[in-house]
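Offset between the sequence shown (1-based) and my numbering: plus 288.
Think of the hints as simulated: they come from the structure by calculation, not from any bench.
A hint or two may mislead.
With beta-carbon atoms standing in for the labels, derived distance ranges [claimed, not checked]:
no.: 1; residue 1: T457; residue 2: A486; range: 46 to 54 angstroms
no.: 2; residue 1: G746; residue 2: M524; range: 57 to 65 angstroms
no.: 3; residue 1: R627; residue 2: D852; range: 56 to 64 angstroms
no.: 4; residue 1: T490; residue 2: R392; range: 47 to 55 angstroms
no.: 5; residue 1: D790; residue 2: E843; range: 20 to 28 angstroms
no.: 6; residue 1: Q707; residue 2: D547; range: 14 to 22 angstroms
no.: 7; residue 1: E460; residue 2: E843; range: 18 to 26 angstroms
no.: 8; residue 1: K521; residue 2: R888; range: 50 to 58 angstroms
no.: 9; residue 1: P853; residue 2: F810; range: 16 to 24 angstroms
no.: 10; residue 1: E325; residue 2: M524; range: 35 to 43 angstroms
no.: 11; residue 1: T490; residue 2: S759; range: 24 to 32 angstroms
no.: 12; residue 1: D852; residue 2: L528; range: 48 to 56 angstroms
no.: 13; residue 1: N899; residue 2: R627; range: 45 to 53 angstroms
The list that follows gives simulated cross-link-like pairs (lysine-lysine, DSBU-like), each with its CA atoms no further than 35 angstroms apart [claimed, not checked]:
no.: 14; residue 1: K567; residue 2: K523
no.: 15; residue 1: K673; residue 2: K734
no.: 16; residue 1: K605; residue 2: K797
no.: 17; residue 1: K605; residue 2: K691
Fair warning: this is a prediction, and the values are worked out from it, not measured in the lab.
Glycine included, C-beta positions come from ideal geometry on N, C-alpha and C.
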Amino acid sequence: MWRFEELRLVELMSRRSGEGTKETRRILDARKILIAESAEKLAPPLLMRSEALMDAGVVVGRIEIARSLRPLLMKTALMAVLASMLGSAVFFAIRIFPLRALRRALKSLFEEKERAQVTLRSIGDGVITTDAEGKVVLINLIAERLTGWTQRDAEGKPLTEVFHIINETTRERCENPVDKVLREGKIVDLANHTALIARDGTERSIADSGAPIRDESGNIIGVVLVFRDATEKKKMEEELLKAGKLESVGILAGGIAHDFNNILTAITGNISLAMRDIKPADAIFRRLADAESACMRAKDLTYQLLTFSKGGAPVKKTVSVSEIIEDSARLALAGSNVRCTISMPDDLLPADVDEGQISQAVSNLLINAVEAMPGGGVITVRAEKLTAGKGDALPLAYGKYIKISIQDQGTGIPPGHLQKIFDPYFTTKQKGSGLGLAICYSIVKKHDGHISVESVLGSGTTFSIYLPASSKEPARKKDSREEPIRGEGKILVMDDEAIVRDVTGQILKHLGYDVEFAGDGFEAIELYRKAKESGRPFDLVIMDLTVPGGMGGKEAILRLIEIDPDVRAIVSSGYSDNLVMSDFRQYGFKGVVAKPYKIRQLALALHNALNNRA
Numbered sequence: 289m290w291r292f293e294e295l296r297l298v299e300l301m302s303r304r305s306g307e308g309t310k311e312t313r314r315i316l317d318a319r320k321i322l323i324a325e326s327a328e329k330l331a332p333p334l335l336m337r338s339e340a341l342m343d344a345g346v347v348v349g350r351i352e353i354a355r356s357l358r359p360l361l362m363k364t365a366l367m368a369v370l371a372s373m374l375g376s377a378v379f380f381a382i383r384i385f386p387l388r389a390l391r392r393a394l395k396s397l398f399e400e401k402e403r404a405q406v407t408l409r410s411i412g413d414g415v416i417t418t419d420a421e422g423k424v425v426l427i428n429l430i431a432e433r434l435t436g437w438t439q440r441d442a443e444g445k446p447l448t449e450v451f452h453i454i455n456e457t458t459r460e461r462c463e464n465p466v467d468k469v470l471r472e473g474k475i476v477d478l479a480n481h482t483a484l485i486a487r488d489g490t491e492r493s494i495a496d497s498g499a500p501i502r503d504e505s506g507n508i509i510g511v512v513l514v515f516r517d518a519t520e521k522k523k524m525e526e527e528l529l530k531a532g533k534l535e536s537v538g539i540l541a542g543g544i545a546h547d548f549n550n551i552l553t554a555i556t557g558n559i560s561l562a563m564r565d566i567k568p569a570d571a572i573f574r575r576l577a578d579a580e581s582a583c584m585r586a587k588d589l590t591y592q593l594l595t596f597s598k599g600g601a602p603v604k605k606t607v608s609v610s611e612i613i614e615d616s617a618r619l620a621l622a623g624s625n626v627r628c629t630i631s632m633p634d635d636l637l638p639a640d641v642d643e644g645q646i647s648q649a650v651s652n653l654l655i656n657a658v659e660a661m662p663g664g665g666v667i668t669v670r671a672e673k674l675t676a677g678k679g680d681a682l683p684l685a686y687g688k689y690i691k692i693s694i695q696d697q698g699t700g701i702p703p704g705h706l707q708k709i710f711d712p713y714f715t716t717k718q719k720g721s722g723l724g725l726a727i728c729y730s731i732v733k734k735h736d737g738h739i740s741v742e743s744v745l746g747s748g749t750t751f752s753i754y755l756p757a758s759s760k761e762p763a764r765k766k767d768s769r770e771e772p773i774r775g776e777g778k779i780l781v782m783d784d785e786a787i788v789r790d791v792t793g794q795i796l797k798h799l800g801y802d803v804e805f806a807g808d809g810f811e812a813i814e815l816y817r818k819a820k821e822s823g824r825p826f827d828l829v830i831m832d833l834t835v836p837g838g839m840g841g842k843e844a845i846l847r848l849i850e851i852d853p854d855v856r857a858i859v860s861s862g863y864s865d866n867l868v869m870s871d872f873r874q875y876g877f878k879g880v881v882a883k884p885y886k887i888r889q890l891a892l893a894l895h896n897a898l899n900n901r902a
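Please model the entire structure based on the sequences and the hints provided.
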């Protein structure tokens with residue numbers, strides 16, 4: 289579009305009537321500032337005509353056209369000598385024809401004035417014109433705003449002084465656009481990743497191009513530059529890039545969930561088995577219990593990444609917020625040189641939340657506080673009840689809430705960073721991913737809560753989480769030594785990981801079951817068929833949902849139903865966001881257990897499936 293407009297401006301100055309009469313043209317804006325003029329000079333006397341350029345009834349400039357009368361006067365004198373008797377008649381006759389030609393030329397020019405004025409007024413981008421030496425001739429209002437230079441200040445200045453552009457990547461000064469246009473002699477797009485440094489130091493991303501201005505002989509007499517502010521466009525592109533990174537996180541989390549949770553299943557299972565043989569009073573028991581909890585939290589890590597990147601809704605249940613805070617503090621601060629003080633009322637209300645997600649949010653804030661005090665210090669955690677009302681400044685619906693505050697004694701956060709602190713990938717740490725606080729923000733918002741931050745440089749930072757309180761009673765937390773439900777029967781375990789088959793087999797034998805194993809769906813189907821034909825069928829099948837390179841549980845259950853419509857099967861997977869896991873009955877399963885699982889969880893799933901319980 290702008291190339292076309294630049295060419296039209298050049299064409300307007302270069303166009304001449306078909307009569308070959310020499311003339312000069314000048315175009316001025318409403319401030320009588322010269323926009324363009326012909327380079328040729330005409331000998332006096334001159335005949336000049338000036339007309340206003342209008343746009344919607346408003347004068348936006350003037351056009352002037354001049355012709356020399358010298359050729360006309362010479363013709364008049366010659367004819368007077370040769371035909372003195374007809375002098376008067378000839379004189380007037382000769383004057384009429386050139387004037388008519390001039391009028392036709394002016395009419396032709398004025399027919400183009402509408403196009404010229406539309407071009408001038410419709411340019412919403414910055415426009416700067418220079419002479420052949422690169423000195424500024426014209427700078428329009430948009431260019432004034434973007435560069436910070438007025439027409440009065442910029443006129444006659446070298447373009448490089450007014451139009452200061454650098455490469456955004458290298459931060460080096462870009463080539464003078466006039467030099468490039470004069471060298472190539474054509475319309476050119478200037479360098480990508482260009483930033484314009486305004487007179488006051490403001491930096492803007494711009495897109496720009498330049499074109500030569502030629503006279504009627506084709507000589508370049510100047511350059512016109514057209515540029516636009518591309519800052520918002522660049523920001524949008526950066527946001528799309530961030531969104532792409534976030535999607536990559538989701539793909540990565542989904543890809544590692546299977547292997548990661550299989551490993552955790554083996555670790556968790558063996559820890560649970562080891563705890564069966566240790567007395568609760570033993571110090572090792574406490575260490576194993578912490579290790580078991582850490583494994584379950586590690587499972588939550590992949591789940592949180594999937595939730596954050598794919599927008600998954602939290603799976604809520606009524607829980608004790610005080611227990612979440614205490615457990616998170618114990619695990620997050622283990623091995624650090626930071627001390628934690630916790631202040632909570634005895635009657636702190638419970639909350640309907642996704643326990644894993646809220647634990648992750650609190651842990652992230654605690655870890656952030658620890659990292660803010662590399663030399664050690666005290667973290668103060670407070671929990672309290674409050675009621676949000678219409679007059680409050682907090683963006684919360686009316687009701688009862690639980691406020692969790694986590695305060696550190698670090699160096700604080702600069703004011704300029706506070707507005708970006710919850711943005712994905714924003715971090716001031718060399719090894720930080722920039723996802724920790726963004727995950728906190730996402731989790732809290734999905735719980736209809738609010739998160740805020742206050743910081744004073746040199747005094748520390750306080751993060752506050754507001755969660756809707758619940759009037760329901762939280763479920764009783766089971767003791768780690770509580771005996772799981774035992775049973776009997778013949779169980780077939782199908783899993784592609786040997787370590788998972790091994791630990792699951794040990795757990796099942798510990799619970800009183802007989803166990804056989806299959807590495808994929810095909811092997812499981814064959815073993816199930818043979819057992820049924822032999823009269824010693826399996827009472828239940830535990831099936832891994834996904835088997836890379838083989839048949840997984842989703843396909844295998846359909847084959848088993850064909851063999852035995854009454855087959856009982858439990859689906860197991862580390863892909864917590866898979867539809868089969870959340871709606872297992874629709875796919876033919878009687879139960880579900882997510883990896884990694886504790887002995888009690890597996891025992892309960894087996895008991896319910898074998899007894900047709902929900």
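Evaluation of the provided hints:
1. The hint said 46 to 54 angstroms for the Cβ distance between T457 and A486, and at roughly 20 angstroms that hint is violated.
2. For the pair G746 and M524, the beta carbons lie near 37 angstroms from each other, so the given range of 57 to 65 angstroms is not met.
3. Remark: the range hint 56 to 64 angstroms for R627 to D852 is upheld by a beta-carbon distance near 60 angstroms.
4. For T490 paired with R392, a C-beta distance near 50 angstroms keeps the hint of 47 to 55 angstroms intact.
5. The hinted window of 20 to 28 angstroms between D790 and E843 holds, with their beta carbons roughly 24 angstroms apart.
6. Q707 and D547 have their C-beta atoms about 39 angstroms apart, which leaves the hinted 14 to 22 angstroms range violated.
7. In this structure, E460 and E843 break the distance hint of 18 to 26 angstroms, their C-beta atoms being roughly 59 angstroms apart.
8. Take K521 and R888: their Cβ atoms lie about 56 angstroms apart, and the range 50 to 58 angstroms holds.
9. P853 and F810 have their C-beta atoms about 20 angstroms apart, which keeps the hinted 16 to 24 angstroms range intact.
10. A beta carbon spacing of about 41 angstroms between E325 and M524 agrees with the range 35 to 43 angstroms that was offered as a hint.
11. Taking 24 to 32 angstroms as the suggested C-beta distance range, the pair T490 and S759 does not conform, at roughly 54 angstroms.
12. Checking the proposed 48 to 56 angstroms range against D852 and L528 shows it holds: the Cβ atoms sit about 51 angstroms from each other.
13. Range check, N899 to R627: Cβ separation about 49 angstroms, and the 45 to 53 angstroms hint holds.
14. At roughly 60 angstroms between alpha-carbon atoms, K567 and K523 are farther apart than 35 angstroms, so this suggested pair is violated.
15. Between K673 and K734 the CA atoms are separated by roughly 20 angstroms; this keeps the pair inside 35 angstroms, and the hint holds.
16. Simply put, K605 and K797 have alpha-carbon atoms about 32 angstroms apart, close enough for the 35 angstroms limit, and the pair holds.
17. This hinted pair checks out: K605 and K691 have alpha carbons roughly 18 angstroms apart, not beyond 35 angstroms.
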